[in-house]
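**Student:** Go ahead and model the full structure; you've got the sequences and the hints to work with.
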Amino acid sequence: MKDSKANRVPSWNLAKEVMSRGARIYPLEDLNTLYECVQCGTCVGSCPSGRRTALRIRSMIRGIQMGYREEVLDTNDLWSCTTCYTCQERCPRDVRVTEIVKIVRNIAFEEGRAKERHLVVANNFIKTGHTIPLNEEGKKTRVKLGLSPVPPTSLLFPEALAEIQEIMRTDGFYNKVIRDKK
Amino acid sequence: MADERIGVYICHCGTNIAGTVDVEKVAQRIAGLPNVVLAKDYKYMCSEPGQAMIKQDIRDRKLNRVIVASCSPRMHEPTFRKAAQEAGLNPYLVEMANIREQCSWVHMKEPEKATVKAIALVAAAVAKSVFDEPLQMREVPVTPAALVIGGGIAGIQSSLDLADQGFKVHLVEKTPSIGGHMAQLDKTFPTLDCSACILTPKMVDISRHPNISLLAYSEVKAIDGYIGNFKARVLKKPRYVDESKCTGCGLCAEKCPVNVPSEFDLGLGTRKAIYVPFPQAVPLRYTIDRENCLYFKKNICRACEKFCTSGAIDFGQLPAEVELEVGAIIIATGYDLYDAGHKAEYGYGIYRNVINGLEFERLVNASGPTSGKVLRPSDGKAPRSVAFVQCVGSRDKNANLYCSRVCCMASLKQAHQIKEKFPGAEVSIFYIDMRCFGKGYEEFYERVQQEGVRFIRGRVGEILENPDDKNLVLRFEDTLLGEVAEREFDLAVLATGVIPRADTSELQSILKLSRGPDGFFLEAHPKLRPVETNIDGVFLGGAAQGPKDIPDAVAQAGAAASRAAVPLSMGKVELEGIIASVDEDLCSGCRICESVCEYGAIKMKEKSGKQVSSVIEVLCKGCGVCGSACPTKSIKMCHFTDDAILAQVKAVLRD
Numbered sequence: 082m083k084d085s086k087a088n089r090v091p092s093w094n095l096a097k098e099v100m101s102r103g104a105r106i107y108p109l110e111d112l113n114t115l116y117e118c119v120q121c122g123t124c125v126g127s128c129p130s131g132r133r134t135a136l137r138i139r140s141m142i143r144g145i146q147m148g149y150r151e152e153v154l155d156t157n158d159l160w161s162c163t164t165c166y167t168c169q170e171r172c173p174r175d176v177r178v179t180e181i182v183k184i185v186r187n188i189a190f191e192e193g194r195a196k197e198r199h200l201v202v203a204n205n206f207i208k209t210g211h212t213i214p215l216n217e218e219g220k221k222t223r224v225k226l227g228l229s230p231v232p233p234t235s236l237l238f239p240e241a242l243a244e245i246q247e248i249m250r251t252d253g254f255y256n257k258v259i260r261d262k263k
Numbered sequence: 217m218a219d220e221r222i223g224v225y226i227c228h229c230g231t232n233i234a235g236t237v238d239v240e241k242v243a244q245r246i247a248g249l250p251n252v253v254l255a256k257d258y259k260y261m262c263s264e265p266g267q268a269m270i271k272q273d274i275r276d277r278k279l280n281r282v283i284v285a286s287c288s289p290r291m292h293e294p295t296f297r298k299a300a301q302e303a304g305l306n307p308y309l310v311e312m313a314n315i316r317e318q319c320s321w322v323h324m325k326e327p328e329k330a331t332v333k334a335i336a337l338v339a340a341a342v343a344k345s346v347f348d349e350p351l352q353m354r355e356v357p358v359t360p361a362a363l364v365i366g367g368g369i370a371g372i373q374s375s376l377d378l379a380d381q382g383f384k385v386h387l388v389e390k391t392p393s394i395g396g397h398m399a400q401l402d403k404t405f406p407t408l409d410c411s412a413c414i415l416t417p418k419m420v421d422i423s424r425h426p427n428i429s430l431l432a433y434s435e436v437k438a439i440d441g442y443i444g445n446f447k448a449r450v451l452k453k454p455r456y457v458d459e460s461k462c463t464g465c466g467l468c469a470e471k472c473p474v475n476v477p478s479e480f481d482l483g484l485g486t487r488k489a490i491y492v493p494f495p496q497a498v499p500l501r502y503t504i505d506r507e508n509c510l511y512f513k514k515n516i517c518r519a520c521e522k523f524c525t526s527g528a529i530d531f532g533q534l535p536a537e538v539e540l541e542v543g544a545i546i547i548a549t550g551y552d553l554y555d556a557g558h559k560a561e562y563g564y565g566i567y568r569n570v571i572n573g574l575e576f577e578r579l580v581n582a583s584g585p586t587s588g589k590v591l592r593p594s595d596g597k598a599p600r601s602v603a604f605v606q607c608v609g610s611r612d613k614n615a616n617l618y619c620s621r622v623c624c625m626a627s628l629k630q631a632h633q634i635k636e637k638f639p640g641a642e643v644s645i646f647y648i649d650m651r652c653f654g655k656g657y658e659e660f661y662e663r664v665q666q667e668g669v670r671f672i673r674g675r676v677g678e679i680l681e682n683p684d685d686k687n688l689v690l691r692f693e694d695t696l697l698g699e700v701a702e703r704e705f706d707l708a709v710l711a712t713g714v715i716p717r718a719d720t721s722e723l724q725s726i727l728k729l730s731r732g733p734d735g736f737f738l739e740a741h742p743k744l745r746p747v748e749t750n751i752d753g754v755f756l757g758g759a760a761q762g763p764k765d766i767p768d769a770v771a772q773a774g775a776a777a778s779r780a781a782v783p784l785s786m787g788k789v790e791l792e793g794i795i796a797s798v799d800e801d802l803c804s805g806c807r808i809c810e811s812v813c814e815y816g817a818i819k820m821k822e823k824s825g826k827q828v829s830s831v832i833e834v835l836c837k838g839c840g841v842c843g844s845a846c847p848t849k850s851i852k853m854c855h856f857t858d859d860a861i862l863a864q865v866k867a868v869l870r871d
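Just so you know, the sequences run in chain order C and Z.
Numbers in my numbering are just positions in the first sequence, counted from 1, shifted up by 81.
Numbers in my numbering are just positions in the second sequence, counted from 1, shifted up by 216.
Hints were generated in silico from the structure; no laboratory data involved.
Since this is a predicted model, take the numbers as computed values, not measurements.
Incorrect hints may appear among the rest.
Quick partial rundown of chain Z residues pointing at chain C, CB under 7 Å, derived from the structure [what the hints assert, rightly or not]:
hint	residue
1	Gly-235
2	Asp-238
3	Lys-589
4	Ile-648
5	Phe-671
6	Gly-674
7	Val-676
8	Glu-678
9	Leu-680
10	Arg-691
11	Glu-704
Ideal Cβ placement from N, Cα and C applies to all residues, glycine included.
**Tutor:** Spelled out as structure tokens, the structure:
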């Protein structure tokens with residue numbers, strides 16, 4: 082029994098942390114259904130990401146129930162969810178699966194555990210107000226579709242981008258991304 | 217009120233109360249109250265010596281009020297009332313204070329506060345008891361006959377059990393034949409005996425029994441009265457066939473030119489516009505389906521009439537109303553199947569090769585639409601691979617939270633049948649938990665495992681259809697491996713759950729019954745009164761009370777008959793003495809009490825030129841709603857008068 086996994090002691094601390102953290106946005110009585118997961122697998126069976134990635138959202142919920150904090154927060158799979166909400170829609174116990182993913186991501190992000198690819202996207206957002214940058218090819222496609230080459234968003238209105246960035250500075254997102262990205 | 221002599225008994229309930237509440241202190245404090253002659257504490261008041269102590273004190277100390285501070289009156293009020301009565305004290309002069317559920321159990325961690333509360337509650341009971349008056353139980357005669365509603369296996373069992381004991385039974389069935397869902401099943405788990413083979417002899421017994429009058433194709437429209445003396449109005453729907461003349465020969469159906477989907481075969485087969493639902497129907501009398509009959513639709517045809525050799529066809533038949541007088545009623549209305557169409561991700565009703573468990577029963581049944589050949593609905597080919605999807609509409613907060621209790625075994629049995637018919641077929645059961653809890657069930661599970669049925673622990677995420685060959689692709693996770701998979705099957709059988717019948721609310725309002733959060737009729741006590749209801753004289757048999765398989769439905773139906781036989785064989789029943797009474801001089805005739813009474817126990821009558829309300833004593837349950845609704849305070853609730861309740865409140869607030 083030298084394997085550290087074999088000696089792990091389960092605790093409800095992570096579940097409680099997820100719920101108190103999530104209660105800022107979601108009703109606590111909704112999040113409480115986390116305790117009711119029976120590991121039936123409906124979520125994974127419905128998961129479009131899980132068909133292509135290693136994401137087993139059921140296992141993540143289990144990890145939260147068991148309190149395996151490091152494992153839950155450090156996995157790459159956390160960032161593979163597309164937040165399509167199919168699992169949450171179909172969950173027979175009404176577990177707020179997708180919302181829990183978002184909460185856990187927030188915790189991970191705050192602790193500087195966001196994965197590199199995610200930080201790239203976050204950086205795009207800070208610089209342009211868009212998570213996916215508009216490149217030359219994109220502009221051509223827009224024109225082909227009869228649209229202006231640049232959409233009327235923060236890309237066209239620098240003052241709007243400044244406002245977005247101001248928001249990101251105020252809530253700490255800006256500094257966090259810059260710091261974590263190094 | 218100086219001559220009240222009150223005896224107070226504080227029960228320890230072992231350590232249930234005494235472990236938290238300081239019972240000696242309670243007794244000491246109460247002993248000092250006015251009119252209290254004695255206050256004792258004792259380990260178990262409900263025990264034989266505890267009761268003997270009360271009786272002794274009533275006689276020796278001339279007690280005329282008794283307070284027992286112990287558990288909920290639901291548990292032991294009858295015990296102590298009876299003890300008092302045996303010692304010559306009117307049972308309504310016994311009061312109970314609940315210091316277990318309301319003190320020691322809920323305040324387990326605060327013993328001091330629990331003790332203060334216990335003193336307050338007992339003091340309140342003492343204060344109230346001064347206002348208690350002796351009341352009389354009322355005795356009413358019982359009509360030795362029963363009404364059984366629903367002619368499935370539960371209703372059949374209840375009817376036979378009561379009829380065999382010599383009681384007259386009226387069995388009312390909504391559809392043209394008795395038999396219910398059990399008649400639609402092929403083989404039954406786990407013994408694999410043929411459902412019809414074990415059911416039809418009982419159906420025949422019903423038709424032959426001298427004490428049973430069968431009212432098929434009939435509906436209960438109204439029920440009045442109370443235990444021992446119910447009056448039911450039953451509507452006999454017109455069959456347009458004279459039941460006394462029809463011989464059940466079937467020539468009419470043979471000649472009828474109209475084919476419609478058969479309800480009995482769940483639309484997988486057809487029947488004629490004049491029909492019996494299945495060959496072993498009881499009564500074996502034909503029924504014309506007015507909606508589809510050419511005569512009713514277009515005033516033509518009349519083929520059945522021409523060919524009927526006994527002249528039984530009667531297009532002019534009218535609905536008839538029957539009035540029944542019975543002493544007890546058994547509800548055996550059964551269940552409906554969950555509509556799998558609500559689970560859009562499974563494609564039921566869209567993909568033809570997705571069927572439900574009951575449809576499978578019709579397909580596998582020798583008298584079914586395919587003569588017992590399990591064939592895919594899309595192309596009539598034998599399936600090489602079959603998936604059983606468990607928990608469709610059960611154990612699901614988006615549908616029904618409860619477990620339907622029959623589907624695990626039903627799917628096991630059906631998987632076995634597939635393996636029996638097509639040994640090479642790949643059969644998989646997708647489950648959350650296999651719940652095989654009955655006698656011989658786990659053994660059957662093991663047998664089906666031996667037969668090579670695959671068990672995949674994972675609730676199916678979604679089903680897709682291959683548009684070319686109509687094969688089905690199931691998306692699921694094998695949770696035991698943590699592997700996501702897509703696998704193709706020829707046929708998918710959804711193990712749809714059991715839900716309350718669609719017409720449950722109708723019957724609920726006719727009888728004023730309670731229903732549980734699951735929608736099924738509610739028993740009076742989940743453990744100790746499982747077949748009784750909140751209405752005296754009304755009992756529950758079978759799946760009307762909750763999902764049940766055949767053995768459980770039969771057991772419950774037998775229990776309901778046995779409980780119903782108690783008042784029927786007693787010949788009389790005692791009704792509670794706590795009822796409302798009207799001060800007719802004060803009554804303004806506003807009729808508010810009449811509108812709020814759940815039991816129809818208030819009716820208006822004329823008194824010196826004005827309308828006043830009056831209480832039908834036998835119907836009154838003493839609930840007190842009328843009394844609190846009465847704006848002129850002219851309704852008095854015996855045993856719970858305003859004076860008594862205010863005295864209780866004052867006693868609680870004294871300290």
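**Student:** Does each hint fit the structure? Answer for all of them.
**Tutor:** Hint-by-hint comparison with the structure:
The interface hint given for Z:Gly-235 is broken, as the beta carbon of that residue sits about 29 Å from the closest beta carbon of chain C, more than 7 Å. Against a cut-off of 7 Å between C-beta atoms, the interface hint on Z:Asp-238 is violated, since the closest Cβ of chain C lies about 36 Å away. Below 7 Å, beta-carbon pairs count as interface contacts, and Z:Lys-589 has none with chain C, the closest being about 31 Å; its hint is therefore violated. About 4 Å separates the beta-carbon of Z:Ile-648 from the nearest beta-carbon of chain C, less than 7 Å, and the hint is met.
Taking 7 Å as the C-beta cut-off, the interface hint given for Z:Phe-671 is violated, the closest approach to chain C being about 13 Å. A cut of 7 Å between beta carbons decides the hint on Z:Gly-674: the least distance to chain C is about 4 Å, and the hint holds. Using the Cβ-Cβ criterion of 7 Å, the hint placing Z:Val-676 at the interface with chain C is satisfied: the shortest such distance is roughly 6 Å. Given the 7 Å rule on beta carbons, the hint for Z:Glu-678 holds: about 6 Å separates it from the nearest Cβ of chain C.
Look at Z:Leu-680: its Cβ only gets to about 12 Å from chain C, farther than 7 Å, so that hint breaks. A distance limit of 7 Å between C-beta atoms decides the matter here; for Z:Arg-691 the minimum to chain C is near 5 Å, and the interface restraint holds. Interface hint at Z:Glu-704: violated, since its Cβ lies 15 Å from the closest Cβ of chain C, which is beyond the 7 Å cut-off.
Taken one by one, the earlier hints fail for this structure at numbers 1, 2, 3, 5, 9 and 11, listed in ascending order.
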